[in-house]
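Residues per chain, in single letters:
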Amino acid sequence: MDFNIYDFTSFTKWVDNALNSSMSPLLAIIIELIIIGLVFLLFYAIVGLLLVYAERKVCAVIQNRYGPNRVGPFGIFQTIADLIKLLMKELINIKHADNFLFNLAPFIVIIASFMAIAALPFAKGLQAIDFNIGIFYLFAVSSLGVIGILLAGWSSNSKYSLIGAIRSGAQVISYELSVGLSLLAIVVFAGTMQLSGIIESQADGWWIIKGHFPALVAFVIFLIASTAETNRGPFDLAEAESELTAGFHTEYSGIKFAFFFLAEYMNMFIVASIAATMFLGGWMPFHIAGWDGMNAIMDYVPPIVWFFGKTIFVILMMMWFKWTFPRLRIDQLLNLEWKYLLPLNLMNIVLVAFIVLMGWYIK
Amino acid sequence: MNIFKYFGEIFGAIKSLWAGMRVTGYYFIHPGQIVTQKYPENRKTLKMTERFKGEVIMMHDENNQHACTGCGICELNCPNGSIEIITDKITNEAGKSIKIIDKHIYHLSMCTFCELCIKTCPSDAIGWGQEYEHAVFDRHKLTKVLNHPGSSLRKKPSKEPNQE
Numbered sequence: 011m012d013f014n015i016y017d018f019t020s021f022t023k024w025v026d027n028a029l030n031s032s033m034s035p036l037l038a039i040i041i042e043l044i045i046i047g048l049v050f051l052l053f054y055a056i057v058g059l060l061l062v063y064a065e066r067k068v069c070a071v072i073q074n075r076y077g078p079n080r081v082g083p084f085g086i087f088q089t090i091a092d093l094i095k096l097l098m099k100e101l102i103n104i105k106h107a108d109n110f111l112f113n114l115a116p117f118i119v120i121i122a123s124f125m126a127i128a129a130l131p132f133a134k135g136l137q138a139i140d141f142n143i144g145i146f147y148l149f150a151v152s153s154l155g156v157i158g159i160l161l162a163g164w165s166s167n168s169k170y171s172l173i174g175a176i177r178s179g180a181q182v183i184s185y186e187l188s189v190g191l192s193l194l195a196i197v198v199f200a201g202t203m204q205l206s207g208i209i210e211s212q213a214d215g216w217w218i219i220k221g222h223f224p225a226l227v228a229f230v231i232f233l234i235a236s237t238a239e240t241n242r243g244p245f246d247l248a249e250a251e252s253e254l255t256a257g258f259h260t261e262y263s264g265i266k267f268a269f270f271f272l273a274e275y276m277n278m279f280i281v282a283s284i285a286a287t288m289f290l291g292g293w294m295p296f297h298i299a300g301w302d303g304m305n306a307i308m309d310y311v312p313p314i315v316w317f318f319g320k321t322i323f324v325i326l327m328m329m330w331f332k333w334t335f336p337r338l339r340i341d342q343l344l345n346l347e348w349k350y351l352l353p354l355n356l357m358n359i360v361l362v363a364f365i366v367l368m369g370w371y372i373k
Numbered sequence: 004m005n006i007f008k009y010f011g012e013i014f015g016a017i018k019s020l021w022a023g024m025r026v027t028g029y030y031f032i033h034p035g036q037i038v039t040q041k042y043p044e045n046r047k048t049l050k051m052t053e054r055f056k057g058e059v060i061m062m063h064d065e066n067n068q069h070a071c072t073g074c075g076i077c078e079l080n081c082p083n084g085s086i087e088i089i090t091d092k093i094t095n096e097a098g099k100s101i102k103i104i105d106k107h108i109y110h111l112s113m114c115t116f117c118e119l120c121i122k123t124c125p126s127d128a129i130g131w132g133q134e135y136e137h138a139v140f141d142r143h144k145l146t147k148v149l150n151h152p153g154s155s156l157r158k159k160p161s162k163e164p165n166q167e
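Sequence order for the protein chains is A and B. 11 is the number of the first residue of the first sequence in my numbering; add one for each residue after it. 4 is the number of the first residue of the second sequence in my numbering; add one for each residue after it.
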């Protein structure tokens, strides 16, 4: 076994060979799928718990409070206590609700985010599946979650849920455009849609530096649009506590509610890691072309640390937005997208195409 | 729509959003500015503010004397009957029969802290106390007698003719 923290390719190859040599190929594939599924399940739970804790701590410090500080040192076990509480809560059956869809909705939301994790490159060779249209796949599946939200709103026989779900639908359909177009800027720069190819293209500098002004505009637009797409504040109209009690998950309780909650935080992680991969170089260390000494020092930091560091940075940015700005009205939300973000994005795409054509980006 | 106005709006929006984010960002990197306190740990040092409405008390001076004449205006003004005044009659040195307070009964359990009793008290005999830990196991403990046992009415300072 040759485990290398800088390159997981040999490790995954070794696992694959070990399985294939001891059993039939079909069984080996099935066992590999199960292993990857379990790893992702564990990863999902841990990231969800950590993000809920991080969000509560960050929001507390921004509001000059302590945040959770009772369960364990600095309250680090608070989310675990919350999880146990949620698991023990009663699952309430709603009268006149469409039971099948009502129970299906949380799973659709959570499966959509699971599908998105599969294509994320965590480190060199640590990627479950490397599609040649990876980024297209990512924003296709990450917007599937809204179907679950719409189903939840429709099936729970409550006006709050329905209004929340319809708002969420309008929001995701609008902002999907901006997410796609802002990522398209980087696809034009990199010349490929394959995530590993996009990361390789950033070996001599991240796109946010190499692509200077248009990449920065695309990054800001992506941050705004992806925050809206994950239904987070200041775009959390779908749950709008003050107007709709809890929006689309008003009628959910116990573990079904926990699924929505977990999926929301997981979606935040996913869009943050997409932003890190596309704009900030993914697991690629910070390199400047020509500065070989500094590049060599940067290479000592394992890629997985780079990936999670950048993702945490983007997550902190999104939390910073959420706890600074008040919630938008639905008309302001649609105005922002259709009157400002979309025209800016289209102009930006033209600019990027022109820059790439003339070769005016930093090579 | 004027194109300059359009971009001007965008830059104005970014500027104002950045102003807000700077404030929250400043608090985020300065955790020393936290204003909330860890309550049960700081019981010893916790000092409530002057305007805090903990409970209604009757002020007594060092001679165990208060200013309550037993007029009953607080009882009349209380919207939810939290105050009961029980008066007594005594004969003073001059041989006149006068009304004094026997028990100023205050039901903390019914009080809404509206401050009408304190505002209308003609002799400023009652005020706000700073006590805030009111949890008890028996609600009868929330019925309090405000005048201390053995207390008496403070003599009004006699009007001096040369004062004005």
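Everything labelled a hint here was simulated from the structure, so no lab data went into it. Be careful, since some hints might not be right.
[Unchecked claim] Okay, derived cross-link-like pairs now, DSSO-like style, lysine-lysine, Cα gap no bigger than 27 angstroms in a straight line:
#1 B:18 - A:220
#2 B:47 - A:332
#3 A:349 - B:8
#4 B:106 - B:92
#5 B:18 - A:332
#6 B:41 - A:349
#7 B:144 - B:47
[Unchecked claim] Among the chain A residues that face chain B by a calculated CB cut under 7 angstroms, a handful are:
#8 69
#9 74
#10 80
#11 308
Note that the coordinates shown come from a computational prediction; the quantities given were computed from them, not determined experimentally. We put the CB at the ideal spot given by N, CA and C, even for glycine.
Cross-check of the supplied hints:
1. B:18 - A:220: Given pair residue 18 (chain B), residue 220 (chain A) holds - Cα atoms ~25 angstroms apart, limit 27 angstroms.
2. B:47 - A:332: Given pair residue 47 (chain B), residue 332 (chain A) is violated - Cα atoms ~37 angstroms apart, limit 27 angstroms.
3. A:349 - B:8: holds, 13 angstroms
4. B:106 - B:92: Distance ~12 angstroms between residue 106 (chain B) and residue 92 (chain B) Cα, so the pair holds.
5. B:18 - A:332: Judged against 27 angstroms, a Cα distance of about 17 angstroms means the pair holds.
6. B:41 - A:349: violated, 47 angstroms
7. B:144 - B:47: Given that 27 angstroms is the threshold and the Cα spacing comes to 24 angstroms, the pair holds.
8. 69: violated, 10 angstroms
9. 74: Residue 74 (chain A) check passes; min Cβ-Cβ to chain B is 5 angstroms, inside 7 angstroms.
10. 80: violated, 9 angstroms
11. 308: Interface hint status for residue 308 (chain A): violated (25 angstroms vs cutoff 7 angstroms).
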